[in-house]
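Participant: Each chain, letter by letter, is given below.
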Amino acid sequence: MCKDCGCGTALDRVHGHHHDHSHDSSHSHTFHGSHDHIHPHPNTPLERKTIELERKVLADNDAHAEENRRWLTAHGVMAINLISSPGAGKTYLLERTLERLRGEVSCAVITGDQCTDNDARRLMGKGAEVRQIETINSCHLDAVRVGELLPEVVGNGVKLLFIENIGNLVCPAAFDLGEHFKVALLSATEGEDKPVKYPTLFSMAPVVVLTKMDLVPHLDWDLTACRRYLRTIRPDAQIMELSAKTGQGMDNWVQYLRGITL
Amino acid sequence: MHEMAIALALIEQTGKVAREQNAKAIAGITVVVGRLSGTDPDALRAVFELAAEETFAAGASLDIEPANGRELYIKSMDIDVES
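Chains as they are written, first to last, in the working numbering: chain X, 1 to 262; chain E, 1 to 83.
Source of the hints: derived by calculation from the structure; they are not laboratory data.
Here a beta-carbon is modelled for each residue, glycine too, at the ideal position from N, C-alpha and C.
One thing to keep in mind: the hints can contain errors.
Below are the EDC-like pairs computed for lysine to aspartate or glutamate, each with C-alpha atoms no more than 20 angstroms apart in a straight line [claimed, not checked]:
no.	chain 1	residue 1	chain 2	residue 2
1	X	Lys-197	E	Glu-54
2	X	Lys-49	E	Asp-40
3	E	Lys-75	E	Glu-65
4	X	Lys-56	X	Glu-67
5	E	Lys-16	X	Asp-62
6	E	Lys-16	X	Asp-193
7	X	Lys-49	E	Glu-71
8	X	Lys-56	E	Glu-20
9	X	Lys-49	E	Asp-80
10	X	Lys-197	E	Asp-40
11	X	Lys-56	E	Glu-82
Covered, in the sense of this in silico footprint (three residues per stretch, anywhere, with C-beta under 8 angstroms from a C-beta of chain E), are these stretches of chain X [stated by the list, open to error]:
no.	region
12	44-58
13	139-145
14	161-175
The whole structure should be built from the sequences, with the hints applied where relevant.
Facilitator: Below, the structure written as structure tokens:
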């Protein structure tokens, strides 16, 4: 697009028009956009045709995700996609989880953030293979980026892959990564009505982990209401309460993870 | 805000069909966007035109039909072909 006059914008590129032009002011130029299609000759009659598609917008991502899932299953790896708002405690929970499973269940982690490899550095040295994805400007991980990392992060003997998604309750829910299922985290410092405010994610997560339970006595946070909101959105949700800091509920969580390995 | 990714995927999908059909251009796209799809119709409309620049879908209209679930699919598209 010419930034002086705006020519070359989508509106300007209606089909069948000419591309070269000059300006009264100081410059002239030819159209410098590239096209992946041929423009019709003005004399060629065109016919408008409606095509019924019924095709998912994210069909390509979903196909890659399906491929990832097949690959993981074939390699005996159970993969879970951890999604929460920023600061719900995904990384802290993973740190404590990896420590507990070390030497018993071989784990790997793919962790996503907009910037920095801080999370990967926190998770290293705990016996798990860890890779960081920096998405820079994107608000979610996608199946292609995860798929590229699978062969290097999931080595022989790995039974559990944790994919720690970008902290965001909206966008990551839309992108299947090829995980076996999603786990939503919700911390006690967030409103107990988060499940009804962000129903997309909570309706897709069969497992919900309520974190920072050690803080509940200090907060006006209603566990009963939170559970009720969760059940409203997903009646069969499995809800686990824990505090990775004090260890409360961690036995239950770790026991659960042992049980889901393939 | 992942609507740009959705818009690009939309253009990729419809572009494939347009190529298969030897279309000269895409005139319009109808998508169904569910309330639980995680996609905001207004945001999608806002980024679609920009995402469509210099593609088959440049200048195409975008119709968004609402739905109640997780629907996010292309219902139909209008293409211009040589008659």
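Participant: Run every hint past the structure and note whether it holds.
Facilitator: Against the structure, the hints:
A hinted pair counts as satisfied when its Cα atoms are at most 20 angstroms apart, and Lys-197/X with Glu-54/E does not qualify at roughly 38 angstroms. Under the criterion of a C-alpha separation no larger than 20 angstroms, the hint pairing Lys-49/X with Asp-40/E is inconsistent with the structure, at around 28 angstroms. Between Lys-75/E and Glu-65/E, the direct Cα distance comes to roughly 9 angstroms. Compliance with the 20 angstroms bound is thereby established for this hinted pair. About 17 angstroms separates the Cα atoms of Lys-56/X and Glu-67/X, which keeps this hinted pair within 20 angstroms; it holds.
Restraint check for Lys-16/E and Asp-62/X: satisfied, since their Cα atoms lie roughly 16 angstroms apart, inside the 20 angstroms limit. Between the alpha carbons of Lys-16/E and Asp-193/X the distance comes to roughly 42 angstroms, so the proposed pair goes past 20 angstroms and is violated. For the suggested pair Lys-49/X and Glu-71/E, the alpha carbons sit about 24 angstroms apart, so the restraint of at most 20 angstroms is broken. With a CA separation close to 17 angstroms, the supplied pair Lys-56/X and Glu-20/E stays within the 20 angstroms bound.
Distance check on the hinted pair: Lys-49/X and Asp-80/E sit about 6 angstroms apart at the alpha-carbon level, within 20 angstroms; holds. For the given pair, Lys-197/X sits about 15 angstroms from Asp-40/E by alpha-carbon distance, which is consistent with the 20 angstroms threshold. Annotation: proposed proximity of Lys-56/X to Glu-82/E is violated, straight-line Cα distance about 27 angstroms (limit 20 angstroms). Interface restraint, the region 44-58 of chain X with chain E: holds (15 residues with C-beta to C-beta distance below 8 angstroms; minimum three).
Interface restraint, the region 139-145 of chain X with chain E: holds (3 residues with C-beta to C-beta distance below 8 angstroms; minimum three). Counting residues of the region 161-175 of chain X whose CB lies closer than 8 angstroms to any CB of chain E gives 5, which reaches the minimum of 3, so the coverage claim holds.
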